[in-house]
Amino acid sequence: MTRIVLVDDHQMFRTGVKAELGDGIEVVGEAGDVDEAVAVIKRTEPDVVLLDVHLPGGGGIEVLRRLQGTVRSRFLALSVSDAAEDVIGVVRGGARGYVTKTISGPELTDAIGRVAEGDAVFSPRLAGFVLDAFAATDAPPVDPELDQITQREREVLRLIARGYAYKEIAKELFISVKTVETHVSSVLRKLQLSNRHELSRWAAARRLV
Amino acid sequence: MPTTGRTCDDRGVNEVATTRLERRTDGRLVAGVASGLAAHLGVDVIIVRAAFVLLMTSVWLGVAAYAAFWVLVPRQVAAEGAAPAARLPTPRDWGQLLAYTAVTAALAVLTWSAGIAQAALWPFVIGGIGAAILWQQADREQRQRWVLPLRHMWLRSVFGLVLVVGGIGGFVVRNVDPSQARSVVIAMLVILTGVAVIATPWVVRLWQDLDAERGERIRSQERAELAAHIHDSVLHTLTLIQRNAHDPREVQRLARSQERTLREWLYQPRNDPDQTFAAAIRRAAGEVEDDHGVPIEIVVVGDSPLDERLGAAIQAAREAMVNAAKYSGAPSVSVYAEVEGDRVEIFVRDRGRGFDLEQVPADRMGVRGSIIGRMERNGGTAKVRTAPGEGTEVRLEIKK
Chain A
193 MTRIVLVDDH
203 QMFRTGVKAE
213 LGDGIEVVGE
223 AGDVDEAVAV
233 IKRTEPDVVL
243 LDVHLPGGGG
253 IEVLRRLQGT
263 VRSRFLALSV
273 SDAAEDVIGV
283 VRGGARGYVT
293 KTISGPELTD
303 AIGRVAEGDA
313 VFSPRLAGFV
323 LDAFAATDAP
333 PVDPELDQIT
343 QREREVLRLI
353 ARGYAYKEIA
363 KELFISVKTV
373 ETHVSSVLRK
383 LQLSNRHELS
393 RWAAARRLV
Chain B
4 MPTTGRTCDD
14 RGVNEVATTR
24 LERRTDGRLV
34 AGVASGLAAH
44 LGVDVIIVRA
54 AFVLLMTSVW
64 LGVAAYAAFW
74 VLVPRQVAAE
84 GAAPAARLPT
94 PRDWGQLLAY
104 TAVTAALAVL
114 TWSAGIAQAA
124 LWPFVIGGIG
134 AAILWQQADR
144 EQRQRWVLPL
154 RHMWLRSVFG
164 LVLVVGGIGG
174 FVVRNVDPSQ
184 ARSVVIAMLV
194 ILTGVAVIAT
204 PWVVRLWQDL
214 DAERGERIRS
224 QERAELAAHI
234 HDSVLHTLTL
244 IQRNAHDPRE
254 VQRLARSQER
264 TLREWLYQPR
274 NDPDQTFAAA
284 IRRAAGEVED
294 DHGVPIEIVV
304 VGDSPLDERL
314 GAAIQAAREA
324 MVNAAKYSGA
334 PSVSVYAEVE
344 GDRVEIFVRD
354 RGRGFDLEQV
364 PADRMGVRGS
374 IIGRMERNGG
384 TAKVRTAPGE
394 GTEVRLEIKK
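Residue numbers (my numbering), protein chains in the order written: chain A, 193 to 401; chain B, 4 to 403.
Since the hints were made in silico from the structure, they are not lab data. Check each hint, because a few of them may be wrong.
Once the Cα atoms are required to be at most 27 Å apart in a straight line, the calculated DSS-like pairs of lysine-lysine come out as [claimed, not checked]: (1) B/Lys386 with B/Lys403; (2) A/Lys293 with B/Lys329; (3) A/Lys293 with A/Lys210; (4) B/Lys329 with B/Lys386; (5) B/Lys386 with B/Lys402; (6) A/Lys359 with A/Lys293; (7) A/Lys359 with B/Lys402; (8) A/Lys234 with A/Lys210; (9) A/Lys363 with B/Lys386.
My request is simple: use the sequences and hints to build the entire structure.
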C-alpha cells in the first residue's frame, strides 16, 4: 500500500484525482497551500507527495525547500503550467518527476508507484525540456560527469518524448526496464545537480506552450 | 511564482541617466532645492547655488524661485534597496550656508546702494562667481565632483552658465535705474509669489489626481479587454461544452482547443507560425486536433527558420497525424519533432490498431503520395513502422 498526500489548491482537482487512483494507493492527507502542506507531510510522512507546482504561499518549490532533508517522502510534481522554468525549477528543487494534470488515472497510478520505488518519472514534455536544455550550447561543460547526458540517456529521453512507455523503450533498445529506469534516474540526478548555468538560463528564457 | 536564474544588473545605469527632479535630503543647505536641481540638470550644485545667489541679489526673484521649488518639488524618497545606514543624510554644512549668505548679503548691499552704475555691477557679479569657485575649490572632494561632470559636458555647462548669467544680468540692468519701477516689480513679485504659494498645492493635487485617474482608466481598459477575451472564447466554449455534454469526445475537443487558445494568449509566443519550424508544426498539430477531436501531444526540441522543404515535411507530418486521428482508433497521438544541427526529424506515433503496409491499395494517396512521396520529392525520407494491432509510427527525416 502506497501512502500519499495530495497537495493542490483546487478541491475539485483533489477529489477527481482521489476517485481516479487505483487500488494500492491510500490518500493519507490533503493540503491546499504551502503551510498546510508542510504540516500535513511532516505529520503523516507519506511515501509520495503529489505536489502542485502553483500553490498559494510560494508554490511547490517552497514546500520542497522547507521540507528539505526532514522527511523521507518522495515528490511527484503535477502542473497545468507548461512553463519550462516552473517545471525545471520544481525538479531541481527535489521532485523526482513531473507530469501534467491531463494525465490519465492509470498512468498517474503507475507514476506514483514508480516514484515510490525511488525511480524518476518523466513526461514526454519534461523529456523534451531536458533534451532542449542540454543541447542548448556547444560550450564545454564544467563538470563532464554532471553537465552532459550520455548518448544512451539521450536515446531514452527521445523515446520518452516520442510517447514510448518504459516497457516499449526497453524493447526498442534491447535493454531491461530496470536499465531504462536507471538511465532516467541518472538524467534526473544530472538535472538536479548540474550547475550548468545554461540550464536555468534556458528555462527562464523559454516558455513552451 | 519563482523566477529562477534572473539577474538585473542594468539598474544603476538607468538611474544615472534619468534623475528625477526632487529635493535632496542628502547634502542640502536649506531645503535641498539647489542640490536637487543640480542633480536633475546634471550640473554641479555650485552653479545652481550661484544662480540663486545672483537672483536673490538683484531682486527677491531668487527667494520666490526658491520658495516655488520648495513647494513644488517633492522631497526625495530613500532609494529602494539601499542599505539604511548608507542613506543617512550628510549633516548640513553650516559653514557653507554662512558663506552663501554672506556673498548674497554683500552683493545685495552693493546692488541696492544707490548710484551703482550697471558697468560697476558687472565686476561684482563676475567677482562673486569667481570667489565662489575659488572657495569651492578649497574643498578637494567637492572640486573633484564639480570638475568631472563639467569636463564631460563642458559645452552644455558653459552654455547654461552664459544663459543664467545673461538672464540675471539683463534683469538687473533693467531694474537698477528707475527706483519706482523696481518697487512695482517687487510688489508684483510678492503678489505672484503669494498666489503661487496658495495655488500650488491645489494645482499639484489636481495634477496628481489626473495622473491617478489616467492610470485607473488604463487599468479598466485592460480589464475590459480581458473580459471581452474571456467572453468571446472561454465563456463561449463553456456554453458549447454544456450543450455537448452527451458527447465526451466533442467535450474533450472543445476543452483542448480552448486550452490551447488560452495558453497562446497568456504566454504570447514570440514565434510566428509562418516563420519558424516549431511554431508551424505546433499549429498543424492544433489544427488536426481541432478537426478530428483526438488529442495530439506534441513535443518540439530545437527550432529553425521555416523554408519550403521544412514546410513540406510539416505537411507530410500533418497527413500522418490526420491518418492516426482518423483511422487508428487510438485515444491520443504523440508527435515528437527535433531540430539538431542540419537534421530535422519528426515522429508521429499512435498506439492504435495499426495496418499492413503491403495491403494498402496502390491508388490510396494517403501514405504513399502525401507522406512518402512528398518527403522523397523534397530530398527527405519517410519510414512507416506498423503492423496490425501494434500501432503505427511514421518517422520523417529531412536535411535543412
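Hint-by-hint comparison with the structure:
1. B/Lys386 with B/Lys403: 18 Å, holds
2. A/Lys293 with B/Lys329: OK: lysine 293 of chain A and lysine 329 of chain B at ~26 Å, within 27 Å.
3. A/Lys293 with A/Lys210: 13 Å, holds
4. B/Lys329 with B/Lys386: Holds: lysine 329 of chain B and lysine 386 of chain B sit about 19 Å apart, inside 27 Å.
5. B/Lys386 with B/Lys402: It holds: about 15 Å lies between the C-alpha atoms, which stays within 27 Å.
6. A/Lys359 with A/Lys293: 23 Å, holds
7. A/Lys359 with B/Lys402: The given pair, whose Cα atoms are some 31 Å apart, is violated under the 27 Å limit.
8. A/Lys234 with A/Lys210: With Cα atoms ~21 Å apart, lysine 234 of chain A and lysine 210 of chain A stay inside 27 Å; holds.
9. A/Lys363 with B/Lys386: 19 Å, holds
Violated hints amount to a single one, hint 7; each of the other numbered hints is respected by the structure.
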